[in-house]
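So the sequences go chain by chain: A and B.
Position 22 of the first sequence, counting from 1, maps to 127 under the working numbering, and the rest follow consecutively.
Position 97 of the second sequence, counting from 1, maps to 202 under the working numbering, and the rest follow consecutively.
Just so you know, these hints were derived from the structure itself, not from any lab.
Possibly wrong hints are sitting among the right ones.
What the hints assert, rightly or not - With a straight-line cut-off of 27 Å between C-alpha atoms, the simulated DSSO-like cross-links for lysine-lysine are: (1) A:K289 x B:K348; (2) B:K389 x B:K289; (3) A:K348 x B:K389; (4) B:K348 x A:K348.
As the list claims (entries may be wrong) - What the simulated footprint calls covered on chain B by chain A, stretch by stretch (three residues with Cβ under 8 Å from a Cβ of chain A suffice, anywhere in the stretch; the number is not a length): (5) 180-193; (6) 385-396.
To be verified - Here are a few chain B residues that face chain A, going by a calculated C-beta distance under 7 Å: (7) R144; (8) Y149; (9) E166; (10) T170; (11) P204; (12) G313; (13) V332; (14) V347; (15) T350; (16) A351.
These numbers were taken from a predicted model, which means no experiment stands behind them.
Glycine is no exception: its CB is placed at the ideal position from the N, C-alpha and C atoms.
Number of protein chains: 2
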Amino acid sequence: MTEDCLDRVEEPIPAPADNEVLLRVLSLSVDPTNRIWMREEDSYLPAVEIGAVVRAAGLAEVVETKREGFAVGDLVLGMPGWQDYWLLSGDDMANVIPPGLEINDLLSIYGGTGVTAWFGVEDICALEPGDAFVVSGAAGGVGSVAGQLAKLKGAGIVVGIAGSDDKCRWVVDELGFDACINYKTEDVAARLVELCPEGIDAYFDNVGGEILDAALANLAIGARIAVCGAISTYNSDDPIGVKNTANLIMKRARMEGFLILDYLDRFLEAILGLAPLVAEGKLKYATEVVDGLENAPATLNRLFTGDHTGKLIIKLSERA
Amino acid sequence: MTEDCLDRVEEPIPAPADNEVLLRVLSLSVDPTNRIWMREEDSYLPAVEIGAVVRAAGLAEVVETKREGFAVGDLVLGMPGWQDYWLLSGDDMANVIPPGLEINDLLSIYGGTGVTAWFGVEDICALEPGDAFVVSGAAGGVGSVAGQLAKLKGAGIVVGIAGSDDKCRWVVDELGFDACINYKTEDVAARLVELCPEGIDAYFDNVGGEILDAALANLAIGARIAVCGAISTYNSDDPIGVKNTANLIMKRARMEGFLILDYLDRFLEAILGLAPLVAEGKLKYATEVVDGLENAPATLNRLFTGDHTGKLIIKLSERA
Numbered sequence: 106m107t108e109d110c111l112d113r114v115e116e117p118i119p120a121p122a123d124n125e126v127l128l129r130v131l132s133l134s135v136d137p138t139n140r141i142w143m144r145e146e147d148s149y150l151p152a153v154e155i156g157a158v159v160r161a162a163g164l165a166e167v168v169e170t171k172r173e174g175f176a177v178g179d180l181v182l183g184m185p186g187w188q189d190y191w192l193l194s195g196d197d198m199a200n201v202i203p204p205g206l207e208i209n210d211l212l213s214i215y216g217g218t219g220v221t222a223w224f225g226v227e228d229i230c231a232l233e234p235g236d237a238f239v240v241s242g243a244a245g246g247v248g249s250v251a252g253q254l255a256k257l258k259g260a261g262i263v264v265g266i267a268g269s270d271d272k273c274r275w276v277v278d279e280l281g282f283d284a285c286i287n288y289k290t291e292d293v294a295a296r297l298v299e300l301c302p303e304g305i306d307a308y309f310d311n312v313g314g315e316i317l318d319a320a321l322a323n324l325a326i327g328a329r330i331a332v333c334g335a336i337s338t339y340n341s342d343d344p345i346g347v348k349n350t351a352n353l354i355m356k357r358a359r360m361e362g363f364l365i366l367d368y369l370d371r372f373l374e375a376i377l378g379l380a381p382l383v384a385e386g387k388l389k390y391a392t393e394v395v396d397g398l399e400n401a402p403a404t405l406n407r408l409f410t411g412d413h414t415g416k417l418i419i420k421l422s423e424r425a
Numbered sequence: 106m107t108e109d110c111l112d113r114v115e116e117p118i119p120a121p122a123d124n125e126v127l128l129r130v131l132s133l134s135v136d137p138t139n140r141i142w143m144r145e146e147d148s149y150l151p152a153v154e155i156g157a158v159v160r161a162a163g164l165a166e167v168v169e170t171k172r173e174g175f176a177v178g179d180l181v182l183g184m185p186g187w188q189d190y191w192l193l194s195g196d197d198m199a200n201v202i203p204p205g206l207e208i209n210d211l212l213s214i215y216g217g218t219g220v221t222a223w224f225g226v227e228d229i230c231a232l233e234p235g236d237a238f239v240v241s242g243a244a245g246g247v248g249s250v251a252g253q254l255a256k257l258k259g260a261g262i263v264v265g266i267a268g269s270d271d272k273c274r275w276v277v278d279e280l281g282f283d284a285c286i287n288y289k290t291e292d293v294a295a296r297l298v299e300l301c302p303e304g305i306d307a308y309f310d311n312v313g314g315e316i317l318d319a320a321l322a323n324l325a326i327g328a329r330i331a332v333c334g335a336i337s338t339y340n341s342d343d344p345i346g347v348k349n350t351a352n353l354i355m356k357r358a359r360m361e362g363f364l365i366l367d368y369l370d371r372f373l374e375a376i377l378g379l380a381p382l383v384a385e386g387k388l389k390y391a392t393e394v395v396d397g398l399e400n401a402p403a404t405l406n407r408l409f410t411g412d413h414t415g416k417l418i419i420k421l422s423e424r425a
């Protein structure tokens, strides 16, 4: 995506009609899926239309309200999109957040990022003690938490795959992964065989493409692949094909996609699981906060160039 | 595979030692997996070694026995391989078959073929009434049974994919499929969208490659893909890559490989399910019997050129 795909427009701050709420946007979550929604075709949500506000999850504070259940000053988690003020109407997803939680945590470890990692490891990978666990995008928001959760849940070995030596050092030295493969300088397929000589029991895939193919080539019998993301393909009209799907047969393996949207009614379960680990300092997560909506396009692109570690958040304004 | 990969060797008929059984081979099952076992690398079974007998399932009759549980004249289902006489020793898989069943049925509808279709539809596709069900290799041994089972279990639509108009006519007119796509002359992806406008709920894949990719492009939310075979890839060192795996995320879909070897202890369950359907004439299956072991290599190759309908069996000799 180039910046000339987007336009910055100034408009008057809208006034809420009956049953609407006006909110000032505080922070926006920067997620690979933002780019999916900008594709021409619909995905799991309708494509963002030409002329519409870029869709994004975020936190906002109520400024004026004509709707029951929302009071001025309330903190709301929802889909404000890339704008300074958000007019919330009937059907929009929005949850008032109880006070006392750190704003950046709500968009990272207790938001889609941490909760995605939780259900990917628990439900889709169905991690068992002793498993050889591999995660790509290991230094990203989701991947860095997924690897730590796997380790805490008793994985025999946790291997990350990331795009720089610095990232690899971070996940091994700071987050406690057992090993990390730099896919830009190492032969991923060969290293996976070395590190997981009995095969991979659970692979948490954030990238798709060639790295998914390397993991498919080295599965253990009964392996589970959680397909969480395919960031290597989102910017491409002609993604690299995966050649080793027949290995799913040989290894009686399962490959399953999931979306955190399907777990909205189970968020609390994940938060209750994550909170003690955070409180005891057993779960580390990096958050980089970028100031200013004008930096949103360039920040989103950094997800695709790999130029970031941990969760990216755009900050628009402070709480009143 | 070319015939010069193989050698026909005459050797004396062996005499069974203690705990061994000598059998005369009656029939051999011709399966795509025979080709997998001939690849250089190990698969779910060790690769067939240079100089060894080609591995294949089949039926044989006991000629001489020095092992308890086997009597002269017993019919035995196991892995005799491509040879006229089979010396059964300790660890070989072998089951004595009760009398009264048709020999060709034991290698087709009640053998790996029908039972694979049964568990693929029941367990892996987890077929629900109303599902849009698609099967590739639809005129093959497994595919032709899978489509009929899906129909009998209440699928909303059953679509086959096969390689000739004759095969398509057979599965629609004789087997009761709702539609069939000739992948050699039609645009599979476009036809799948036409035939399953709400997306495919269950796809039974026997071929992999481009056809798998077309199915992945048109999944319904919550779709299940049973990866039973990938015949388009077995003869290739550089198979065509599958580009649409990211759709597993968008559609929260599951793709799972399976092998009938893992269901050996549940064969009876499938046979008890299949037998009444066969008896009532609700389940049709084609069997082509080719005479003579010398025709085995050419017959195996016909699986890959698509030059067959239904189950291929090589007949070596009659029961005594």
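We went through each hint and held it up to the structure:
no.: 1; hint: A:K289 x B:K348; verdict: 21 Å, holds
no.: 2; hint: B:K389 x B:K289; verdict: 25 Å, holds
no.: 3; hint: A:K348 x B:K389; verdict: 34 Å, violated
no.: 4; hint: B:K348 x A:K348; verdict: 9 Å, holds
no.: 5; hint: 180-193; verdict: violated (count 0)
no.: 6; hint: 385-396; verdict: violated (count 0)
no.: 7; hint: R144; verdict: 10 Å, violated
no.: 8; hint: Y149; verdict: 5 Å, holds
no.: 9; hint: E166; verdict: 32 Å, violated
no.: 10; hint: T170; verdict: 35 Å, violated
no.: 11; hint: P204; verdict: 34 Å, violated
no.: 12; hint: G313; verdict: 6 Å, holds
no.: 13; hint: V332; verdict: 5 Å, holds
no.: 14; hint: V347; verdict: 5 Å, holds
no.: 15; hint: T350; verdict: 5 Å, holds
no.: 16; hint: A351; verdict: 4 Å, holds
When the structure is compared with the earlier hints, violations turn up for hints 3, 5, 6, 7, 9, 10 and 11 and for no others.
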